[in-house]
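Participant: So the chains spell out like this:
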Amino acid sequence: MIPAAFDYKRASSAAEAISLVGQYGSDAKFLAGGHSLLPLMKLRLAQPAMLIDIGRVKDLSYIKDAGKHIAIGALTRHMDVETSKVLHEHAPLLSHAAAHVGDSQVRHRGTIGGSIAHADPASDLPATTLALGATYVVQGPKGQREIAAAKFFKGFLESDLAADEMLVEIRVPKMQGAGWSFQKFNRRAQDWAIVGVAAWRRKNEAGVALVNMGSTPILATSVAGALAKGASVGDAAALASNEADPQSDLNASTEYRKHLASVLVRRALEDASK
Amino acid sequence: MTATQDRPAAEIGKDRRRKEDQRLITGRTRWTDNITLPGMLHLAMVRSPFAHATITSIDVEAAKASPNVVAVLTGKDFGDELGVCINAWPITPDQKTPAHSPMPADRVAFAGEVVAVVVARSAAEARDAAELVDVEYDELPAVVGIKNALEDSVLAHPDLGTNKSALWVFDSGDAGTGGDVEAAIEEARANGIVIEREYRQQRLIPAFMEPRSVVVDPTGEQITMWSATQIPHILRFALAATTGVPESKIRVIAPDVGGGFGGKLQTTPEEWIAWAVARRLAKPVKYTETRSESLLAAHHGRDQVQTLTLAADKDGKVTGFKVHLDADLGAYIAIVGGGVPVLGAFMFNAIYKFPSYRFECQTVLTNTTLTDAYRGAGRPEATYAVERMMDELAAEVGVDPLEIRERNWITHEEFPFTTVAGLEYDSGNYEAATAKAKESFGYDALRAEQKERRERGDRVQLGIGVSTFTEMCGLAPSRVLGSLDYGAGGWEHASVRMLATGKVEIVTGASAHGQGHETAFSQIVADRLGVPFEDVEVLHGDTQIAHKGLDTYGSRSLPVGGVAIAMACDKVIEKAKTIAAHQLECAAEDLQFVGGTFSVKGSPDRALPLAAIAFGAFTAHNLPEGCEPNLEAQVSYDPPNFSWPFGTHMCVVEVDTETGAVEILKYIAVDDCGNQINPLIVEGQVHGGVVQGIAQALFEEAVYDSDGNLKTSTLAEYLVPAACDVPPITTAHTTTPSPTNQLGVKGIGEAGTIGAAPTVINAIIDALSSLGVKSMAMPASPQTVWKTIQAARGGKK
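Going line by line, the protein sequences match chains A and B.
One point on numbering: in this note's numbering, the residue at position 223 of the first sequence is 223, and numbering is uninterrupted.
One point on numbering: in this note's numbering, the residue at position 773 of the second sequence is 773, and numbering is uninterrupted.
Looking at chain A on its own, in the form it has when it is part of the complex (with noise of 0.2 Å):
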């Protein structure tokens, strides 16, 4: 488990990453908590020339009430997502979600803007964030821009930002005593979902999203529209799959995970509705 050589700096700041980042270009990842990217590296899977290690911007670590949003600073580590008061009180599905994260070691290193840049359709945090309606802050030479979670995945470990570009904070919208719900379906404990969903939902209004039910995290739509037309639960849930794409592996099938998906969703909205 030994990586490719490569060059390593440290930036103390968001501006001095996004400079080196800058520099080198392309052959430049950044190097957060490390838990998706240390180990497609010892397995050779990515072999960047340049590591920046952003795990010491030290201001790009909090939870803050803004208003009608909750501002969660990119290098927030996933535990202290987990137990924010903050979150608990506004936005407990994404705590709730965090702590399904790996294992604790995991979760005390790995990042949420890790997470979510990275863009794995099988992590939780993407799915999440986008079932809340969030919205990402990144930062490039040219200062920051805002993007919708719904706008922001474009592919298998494909976003919308750029290469000289940073995540740097992630809003979620309150959620206003919305009922919500967690699944995540999976073979072993701290692995990755064979399919989760995240959903909350208050009256006719509902956000779900899926995960790992396709290229990029699925915003289940349909689902979302039978719902606020006044479609039961269940007839609601068979749509879970209409957005989605899933692939086929060793733990299921297209099929099977097609099936689990409205299972998982119908089990989500009954459980966001007590």
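A few of these clues could be false.
Per the computed footprint, the stretches of chain B lying under chain A, defined by three or more beta-carbons under 8 Å from a beta-carbon of chain A, are [to be verified]: (1) 98-106; (2) 124-130; (3) 653-667; (4) 699-713; (5) 717-725; (6) 778-784.
In short, the hints are calculated from the structure, not lab data.
What you are looking at is a predicted structure, and each value in this text was computed from that prediction instead of being measured.
The beta carbon of each residue, even a glycine, is placed where N, CA and C say it ideally should be.
Following the hints, position chain B against chain A.
Facilitator: Leaving out everything else, chain B in the frame of chain A:
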């Protein structure tokens, strides 16, 4: 009766925490990879990405030019100097055995086979350069899977002309150990019950925690190899036999070894390559595999198709059992690769009185990683088959699974019992173990709850699984191994040395790789010699110190190695007694040995502690006529029989019929391994074993695609369960000592694995039987369970 038995045991039976754990758990110890020698070079292997291919060229120039690379060597560079990898157990005289070079020069036969080795000043530089070795292959068709191999249309080794390696047969009619199974089946077809099934034992990967690692130092008078191996003595013998170096010039050391489960019961290409490179360059070298290399290239286990025919009368009394195995050897025949499924021959009759029995084992070659011993080695496979069949028979007869077992098992009055497979079971009490399991399990209450859930049609159904078992442990009586054409004996060697200061050194040929030998053996010695536990040091794993031995596998360390130690202690005591009699000026018969002290019967103040006798034997100032100085003894012990531990396991599962998810709610293991030296170690072994059995039932499978690529090449795909994925395990025991060894011990390392897989699968099928489910493939992943339910419901959702 020996002199030691007139004092009460103090150490044996005590829950001692293991003395080796501090260093093993912290890792501050002599793992092979922790060894660093002056001037040591590092190896990286270049492995074939193809399952079957001709090597057309290997360009090593770019790799050689890489920083700090010392050499890049291929099979062609070495020729015969490499030696060969051996199969020590040809199961039939006409077995087809492909030539197995550690690093073939012309053709590879599985993905992961080594084709070149890079030698560099650091491991990282070796790994980087290995990526630059340019190998050109002509891909050949690969044969993957037992059924494909049997067709012989694509050959793993075209020169052999067939994939079928050997057919090994035992028939109780021919052997005179029972009746004619065909007649029994015919009779049952007319007047009884015949059940015919095919089960698959999926391929598993032992997945020991410490990857394999080897260091070779060729610079001394002896060439020294450190290896993360279970078998330093067999390794030394094999190096001598195949590389032309005299055995006396070879020292093999298995330092602390981090698990094996049979996976390190092997002589490996990587060891042979490291050996050859070190000798060629006259420098110490080290090779440590990556986790993915370990999953890919260290031997796998299981992988059988079992075709079974069980005949019984209408009451469910079995009249005959016919077993045909097709077993996948992989691309070559590993050291005991063919023998592992053959061990099953003695276990398919299990704890039962079958009047007739036939066992056939067809081994086949495929273009996949080699298979060989994995925890239980032949016995879990057999136990699974028979315990599934007993449940099928119970269902057919319409009685409880426990009832059908009781109708067929050997009762405790019938021991010693000669089985239809021709071996003698030493002792057993299956009734007692089963009764104990049933009682603590709450069997009847769970059956009632199951009935309620079925009647309500609950989404989550309850299932109860049972497995009884016995296993052959204490490998092995040498004459039996000889009759099976195995290439070595089954004895074990022990030395017990009293040092001048009264401390004790024990040397055993059974080299531990996590079992706790140092603790358990110290307890035996402390009791025998009456010395403090802390005064005993157990030495093992270095052929220069433990000069004779046959290593650790087959639950043999205690019933063979431990017994050898006890016998050596007795020899020490006998010698000490003659010295004590001389110095106390009395007859030896007048002495008693209690609590580590000899005293004259009736005159307790005329006494000599063993430590004083040891010092006297060291100074040799006042020894009896003809008595050699020093107090020590050696024993080579060949067991008269295997030992036969047994047990009854039960579990209850919940199956979510909507998703196929299985959760084990409760697991109870009642094991009887005879006398227990350290119950805490026994419990740990049962826990670990049960987890590995659950892993086979629910989680693990080595999966190949049709081209022979291993799809489960990291621990993200090969699903070794973690602590949070397995249920709490309740252990209990009964005690039925073995009458064939003086400690009354039987072995416990493999029992949990043997009992667990059928227990869990029986429970899942029990949960779903009301839906029409009759069989379940392993691993019973949620998808597999869901699909099985769908099929039973006729595709209706």
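Participant: Now, for every hint given, state plainly whether the structure supports it.
Facilitator: Hint-by-hint comparison with the structure:
no.: 1; hint: 98-106; result: violated (count 0)
no.: 2; hint: 124-130; result: holds (count 3)
no.: 3; hint: 653-667; result: holds (count 3)
no.: 4; hint: 699-713; result: holds (count 4)
no.: 5; hint: 717-725; result: holds (count 6)
no.: 6; hint: 778-784; result: holds (count 3)
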